[in-house]
Amino acid sequence: MAAEQNEQHIVSYGKLIAVWAVLLALTSLTVWISRLHLGVNRVWGSLAIASCKGGLVIAFFMHMRYEGRLLRWVLFVTLATLSIFIGVTFFDVLYR
Amino acid sequence: MTPIVRPVTVPSFWNDTGKSGVAAWIFSTDHKRIGLLYLYSVLAFFLVGMTLGGLLRIELMAPGRTIVGPQTYNALFTVHGVVMIFLFIIPAFPGAFGNMVMPIQIGARDVAFPRLNLLSWWLYVLGATIIIVSLFTGDGPPDTGWTFYLPFSERTGTNVSLAVFGVFIVGFSSILTGINFVTTIHQLRAEGMSWGRLPLFVWSLYATAWVQILATPILGITLVLIIAERLLGTGLFDPGRGGDPLMYQHLFWIYSHPAVYIMILPAMGAITEIIPVFSRKPIFGYKMIAFSSIAIASAGSLVWGHHMFTSGMSDRAILIFSFLTFVVAIPSAIKVFNWVSTLYKGSISLEAPMLFALSFILLFSIGGLTGLILGAAATNIHVHDTHFVVGHFHYVMFGGAGFAFFGAMHYWLPKFYGRRYAEKPALAAWVLMFIGFNITYFSMMLLGVKGMPRRYYDYLPEFAPLNLVSTVGSWILISGVILLLINLFRGLWKGEPIGNNPWGGATLEWTIPSPPPTENFDADPVVTHGPYDFRKTGMP
Amino acid sequence: MTGPHHQDHAGAKLGMWLFLATEVILFGGLFLLYAVYLARYPHEFATAGREMHLVFGTVNTVILITSSLLAAMAVTAIQRDESKTAVRCLGGTVFCGAFFLCNKYFEWSAEIGHGIYPNSSRLATGSPGESVFFSLYYLTLGLHGLHVLIGTALLAVVAVRVQQRTIHASNYALLENSALYWHLVDLIWIFIFPLYYLLL
Chain E
0 MAAEQNEQHI VSYGKLIAVW AVLLALTSLT VWISRLHLGV NRVWGSLAIA SCKGGLVIAF
60 FMHMRYEGRL LRWVLFVTLA TLSIFIGVTF FDVLYR
Chain X
0 MTPIVRPVTV PSFWNDTGKS GVAAWIFSTD HKRIGLLYLY SVLAFFLVGM TLGGLLRIEL
60 MAPGRTIVGP QTYNALFTVH GVVMIFLFII PAFPGAFGNM VMPIQIGARD VAFPRLNLLS
120 WWLYVLGATI IIVSLFTGDG PPDTGWTFYL PFSERTGTNV SLAVFGVFIV GFSSILTGIN
180 FVTTIHQLRA EGMSWGRLPL FVWSLYATAW VQILATPILG ITLVLIIAER LLGTGLFDPG
240 RGGDPLMYQH LFWIYSHPAV YIMILPAMGA ITEIIPVFSR KPIFGYKMIA FSSIAIASAG
300 SLVWGHHMFT SGMSDRAILI FSFLTFVVAI PSAIKVFNWV STLYKGSISL EAPMLFALSF
360 ILLFSIGGLT GLILGAAATN IHVHDTHFVV GHFHYVMFGG AGFAFFGAMH YWLPKFYGRR
420 YAEKPALAAW VLMFIGFNIT YFSMMLLGVK GMPRRYYDYL PEFAPLNLVS TVGSWILISG
480 VILLLINLFR GLWKGEPIGN NPWGGATLEW TIPSPPPTEN FDADPVVTHG PYDFRKTGMP
Chain W
0 MTGPHHQDHA GAKLGMWLFL ATEVILFGGL FLLYAVYLAR YPHEFATAGR EMHLVFGTVN
60 TVILITSSLL AAMAVTAIQR DESKTAVRCL GGTVFCGAFF LCNKYFEWSA EIGHGIYPNS
120 SRLATGSPGE SVFFSLYYLT LGLHGLHVLI GTALLAVVAV RVQQRTIHAS NYALLENSAL
180 YWHLVDLIWI FIFPLYYLLL
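Chains as they are written, first to last, in numbering that gives the first Met the number 0: chain E, 0 to 95; chain X, 0 to 539; chain W, 0 to 199.
Keep in mind the hints are simulated off the structure, nothing from the lab.
This list has only true hints and no planted wrong ones.
What follows is a list of derived Cβ distance ranges for each label pair:
1) X:Ala375 with E:Ser11: 58 to 68 Å
2) X:Phe290 with E:Arg64: 25 to 35 Å
3) E:Trp31 with X:Leu368: 56 to 66 Å
Partial list, computed: chain W residues near chain E (C-beta under 7 Å):
4) Trp16
5) Ala20
6) Val23
7) Gly27
8) Leu31
9) Ala34
10) Val35
11) Ile64
12) Ser67
13) Met72
14) Thr75
15) Leu179
16) Ile189
17) Leu197
Think of the CB as a built atom: it goes at the ideal place given N, C-alpha and C, for glycine as much as any other residue.
Between the sequences and the hints, there should be enough to build the whole structure, so can you do that?
What follows is the structure in structure tokens.
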């Protein structure tokens with residue numbers, strides 16, 4: 000299994016620090032964007048940036064990039080379930 | 000050696016650890032001991048729940064006050080629901096038979112996290128204790144119904160907060176079992192135990208464990224919100240402060256509908272083990288049954304709204320939830336068709352486990368088909384919150400999961416005790432239960448169609464005859480259950496000893512001694528054939 | 000034998016990820032409520048969002064991201080068998096966690112001082128949407144704060160055990176899993192931050 004081969008993967012300090020720098024840059028970006036007057040899109044914009052940041056944390060800090068299929072499926076199924084719970088609830092909330 | 004004398008001379012998990020006494024059980028990390036702990040705990044709560052249910056039926060025997068007043072009646076049905084759902088039927092299959100049987104069926108020596116497994120039982124006991132304490136402290140037992148609907152559960156003066164906290168702890172226990180089982184099934188399968196050779200009981204537990212992992216946390220947060228609502232006054236579901244009570248119902252049913260599948264899926268899995276063994280024929284449609292477990296778990300997580308058709312939800316949502324509800328019927332029907340196809344031209348042996356399995360098919364089908372009446376938005380309006388609903392879910396939960404649980408007890412417990420029950424009293428108990436069950440709950444469905452609402456302490460005189468019939472039915476049912484338990488446990492302690500494979504099963508648990516040794520297998524098994532390949536097993 | 004150990008490690012990691020899945024869904028319930036009420040009260044939420052202390056939020060974001068970096072570096076250090084570095088990184092993470100909680104304390108004191116807390120008379124007389132916003136704010140951040148507290152305590156224990164050499168290069172599942180837990184705490188915050196602090 001791919002998971003077992005990559006288990007001992009070591010992420011270098013340099014790479015982790017680079018990810019940290021990008022995360023801080025994205026944080027500044029999201030604060031800056033929130034100052035612009037973008038209306039409703041602002042929420043979607045800041046959520047998009049948050050998703051990028053979350054993706055970086057999961058991929059590098061949590062080593063998901065180096066994991067096998069199983070853990071990726073766990074992550075995918077969890078996020079899919081949560082979005083379905085939220086999405087299907089909106090069939091009620093939006094059309095009431 | 001321990002003072003407990005077992006019928007077989009080979010060391011078994013009952014005595015080969017050299018430890019005896021209560022501590023050797025309640026601190027054991029052996030999956031079989033934990034499974035038995037769960038079995039006895041859930042059975043104790045089943046008896047509590049059954050007693051409360053019997054009292055409810057006696058109260059409804061005649062119009063007006065019969066034995067208790069309205070407030071006590073509200074408490075009775077609330078506690079009956081809470082005990083039966085959270086303390087019996089949700090932990091029953093994964094906790095008892097999942098723990099006892101699943102690791103052996105996949106050829107493992109234990110679950111992946113044995114200490115976590117023990118913690119899970121302890122959390123169950125802790126939560127159950129808190130729930131029991133909540134009945135006798137504060138300002139009286141909860142009277143909200145097991146659904147704890149807000150805003151009533153915020154405003155009632157009864158001891159809701161503590162009971163809700165107990166349920167929260169039990170939910171955590173359920174999550175830990177789920178995590179343990181998914182990890183075990185992924186990591187600890189024996190050599191040759193491919194996914195295509197996994198016994199279907201294991202497949203059903205796998206699907207169940209995912210539901211436990213992905214749905215139970217929603218219950219957790221919902222219960223925290225009830226407590227916050229009561230203690231902090233957060234007002235999230237209070238229309239006066241901008242909240243929306245319907246959102247509570249959404250959150251509650253996002254968990255509690257999938258919870259129905261936590262209850263029924265492993266029951267279906269147990270039935271799938273029993274039917275081929277007592278038909279002496281490989282299961283029909285292995286892949287479709289495995290697939291349908293996953294399909295029921297997935298589709299079943301999308302239908303929670305069908306509990307809310309009359310609560311003011313949007314029409315579009317009603318349409319969608321109604322449609323999705325019908326979708327769940329497809330994988331459920333796949334299972335029923337495959338069981339029936341397995342029976343076809345089989346050499347059927349009508350022993351106790353098989354009788355429970357066959358009655359499961361019938362009762363579950365009735366429960367499932369009446370579920371479609373409730374799932375269709377138009378007919379739902381007429382029978383919503385009537386006794387039709389009560390009858391329907393008892394057909395699924397008791398006639399389905401409950402009967403399967405009793406069948407599984409007759410099928411698997413002799414393995415773990417090395418002795419078996421007497422057949423004739425078991426058949427008599429089954430007859431009593433089957434007849435009593437149908438009288439009790441079919442009358443309820445008829446009452447519901449006539450318009451008798453649920454959760455009412457009193458009713459109109461025209462409902463009296465059927466209520467009387469239902470109550471008499473409950474007496475037959477209860478006497479059947481008592482006879483069953485006495486016969487079963489007397490047999491397990493004093494009955495005739497059995498060999499390794501009394502029924503001629505082909506799954507791994509029948510290859511090891513009865514009772515199994517602590518480590519289950521002398522040497523790690525290597526699996527060379529499927530779970531229903533009876534050519535390799537001697538017929539009894 | 001590397002076989003059984005290998006399997007245990009993979010099993011422990013799978014178990015941890017499944018546990019993280021339950022945590023995501025647990026917070027997901029609160030995010031679900033947030034989404035529904037934001038859709039219902041966009042203007043009230045924006046008004047309420049203006050009351051939030053952006054500085055506290057931003058500082059805490061930087062703290063948590065940095066602590067997450069240190070936790071990830073601790074894993075790298077232990078894999079390379081550099082115990083001292085691992086202990087220092089973990090110590091840094093614990094410090095960041097404590098710092099975060101201090102900030103939270105001052106922030107909440109200020110807000111409660113302004114009469115903003117669930118069921119306060121100010122919120123009871125204000126617009127309904129604002130009351131919902133602040134109730135959700137206190138519940139979500141309270142639950143998150145509890146996780147920070149647990150994670151900090153857990154990482155402190157792990158640091159001690161690395162110091163005692165009971166966690167080392169060939170047995171670091173506990174360190175790795177604690178770090179995963181801490182990253183989850185960070186991950187949740189990454190979504191809390193824009194939803195509560197940047198909703199001006």
